[in-house]
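Novice: The primary structure of each chain is shown beneath.
There are 2 protein chains.
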Amino acid sequence: MKKEAQGPFRPFEKTAILGVGLLGGSLALALRKKQLSKRISGYGRTEGNLKKALRAGMIDEYHMDPRKAVKGADLVVLATPVGMFRGLASEIKDAVEEGSIQTDVGSVKGALVSELESILPNFIGSHPISGGERPGVDNAVDGLFEGVRCIVTVTKAADKNALERMELMWRALGGNVELMDPDKHDMIYALMSHLPHVLAYSLVNTVGSMDGKSIKYAGQGFKDTTRIALSSPEVWRDICLLNGKHVIASIKAFRQELDKIECAIAGNNPAALEAEFGRSRALREKIDRKD
Amino acid sequence: MKKEAQGPFRPFEKTAILGVGLLGGSLALALRKKQLSKRISGYGRTEGNLKKALRAGMIDEYHMDPRKAVKGADLVVLATPVGMFRGLASEIKDAVEEGSIQTDVGSVKGALVSELESILPNFIGSHPISGGERPGVDNAVDGLFEGVRCIVTVTKAADKNALERMELMWRALGGNVELMDPDKHDMIYALMSHLPHVLAYSLVNTVGSMDGKSIKYAGQGFKDTTRIALSSPEVWRDICLLNGKHVIASIKAFRQELDKIECAIAGNNPAALEAEFGRSRALREKIDRKD
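In order, the protein sequences belong to chains A and B.
The letter at position 198 of the first sequence is residue 198 when you use my numbering, and the numbering goes up by one with no holes.
Take the position in the second sequence, starting the count at 1, then add 1000; the result is the number in my numbering.
One should not assume that every hint holds.
Think about it this way: if two alpha-carbon atoms lie no more than 20 Å apart in a straight line, the pair counts; the simulated PhoX-like pairs of lysine-lysine are [claimed, not checked]:
#  : chain 1 : residue 1 : chain 2 : residue 2
1  : A       : Lys-286   : A       : Lys-252
2  : A       : Lys-260   : B       : Lys-1252
3  : A       : Lys-213   : B       : Lys-1213
4  : A       : Lys-223   : B       : Lys-1286
5  : A       : Lys-245   : B       : Lys-1260
6  : A       : Lys-252   : B       : Lys-1260
7  : B       : Lys-1216  : A       : Lys-286
8  : A       : Lys-213   : B       : Lys-1184
9  : B       : Lys-1052  : A       : Lys-252
10 : A       : Lys-216   : B       : Lys-1184
11 : B       : Lys-1052  : B       : Lys-1033
12 : A       : Lys-286   : B       : Lys-1252
13 : B       : Lys-1223  : A       : Lys-223
14 : A       : Lys-184   : B       : Lys-1184
15 : A       : Lys-286   : B       : Lys-1223
Computed, partial: chain B to chain A, Cβ under 7 Å [unchecked claim]:
#  : residue
16 : Ala-1218
17 : Phe-1222
18 : Asp-1224
19 : Ile-1251
These are computed hints drawn from the structure, not numbers from a lab.
These figures come from a predicted structure and were not determined experimentally.
For every residue, glycine included, the Cβ atom is placed at its ideal position computed from N, Cα and C.
In isolation and in its complexed conformation, chain A is listed as follows:
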């Protein structure tokens, strides 16, 4: 077990947040509240959104050009939908300050981390697993990272000091930091997060295809099961495509489990059906026991 990075956190002089939405905005608020960054600049595609973040005191300045946003920043955070990371990294690579750290808050790591490492001088991948299906700066809150798991990726290319800085920063923001290989991250989160999103979206679409008016009969079970179908289609489009290999493997594994249950129903096999449900409940109970 690797020893945890220790010590007080020396604040950043300036953080550039590229994409001031739910995660970027919440990170800005949290960095300010914990005094981890003296200044914060924002970049985004929609000026109205950046003005809102400025008025809300999340950021000190904003720019419609990401190269201007990263000027003077010793920390740069990619917080747009993950599909834009590569393009954005290429755009800023010659503008980032020497000695600065670049990180992200994206839900996909794997090959994307290698690519970003090859484009940017000092990239460390981060993924705070913070709930919140309501996208946008309006839903940003300073406590979004308190008590949530935060994966920081470890690779051969990663700079040890930068890695330790990121570990300390997320911990100072309240995150439970776990260091992880990028591909292992993608395999786990395909199963634990990306697949559930695909299923929630598919379930609501099933209602839409069969009888959209039935939606009014949604009870608490349906609401909970499909809450994440409220998530941003753009964000989840990018995540599913960038982690396509693992997401498809998870869908295939899911189909096999669904098959078993369908067969037990079609074959009118109460023992098999109860065994499938019981196996599921036993594993699901392990989550709540730890809560």
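Given chain A, work out where chain B should sit, using these hints.
Specialist: Here is chain B on its own, set in the frame of chain A:
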């Protein structure tokens, strides 16, 4: 639109609750609190459970023989797992009092209502859509039916007075009563409740099959999506088998929606994928707008 039944509710002399679990126990508590039944008797398979209900003041008496429990009762409620309803109805049919009403709280209606109507003298189907995946009398609460939708089934054979009594009772307990054809009920709830349970159980089993240790990485999305996998395997086994036709039709429709999303991922088609997710979100938002 049928006119709503009106008027104050004349209490039952005695209610027999057959199956004192989450729903039966909550119904006993609610009937008492609202003074809708002077006495309440309980029947169950497990004496320890009935003693607990007696000590908790839910019931005034209990019996291990359902025929004794229904003696003197002008209301009989089937509240065991639905798979036991037919056997239980046959057992009590010669013991129920003349002029009494028999109802249930089961999640399946359809053909089951016809069967129960043919066995019992005066059966009216009920289905209060009350959340609560934690089964058992320990989780019973008196407010379980407050503000929840409650389906009361309408059939040609149904006695008009008994139907009105049931409508009034559920409304007095705080339910939003809706009269519905039994088969329409089963089609809607296969889609809106039974399918989500099947998917939640299947999703947790997918984690179990791929890498059970990953369960510790469950975030809020996974927890919400699979909360109903904590439901009783026995209860949901019965529901899925008794509503097999509609549940399987819903699973088949779901597979088609999952196929569309999988194809968009496999074909690296961002526009198609975003369209599927966007269509889903738009329909899902209709629920919360009404809340």
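Novice: Which numbered hints are broken by the structure, listed smallest first?
Specialist: 1, 3, 9, 12, 14
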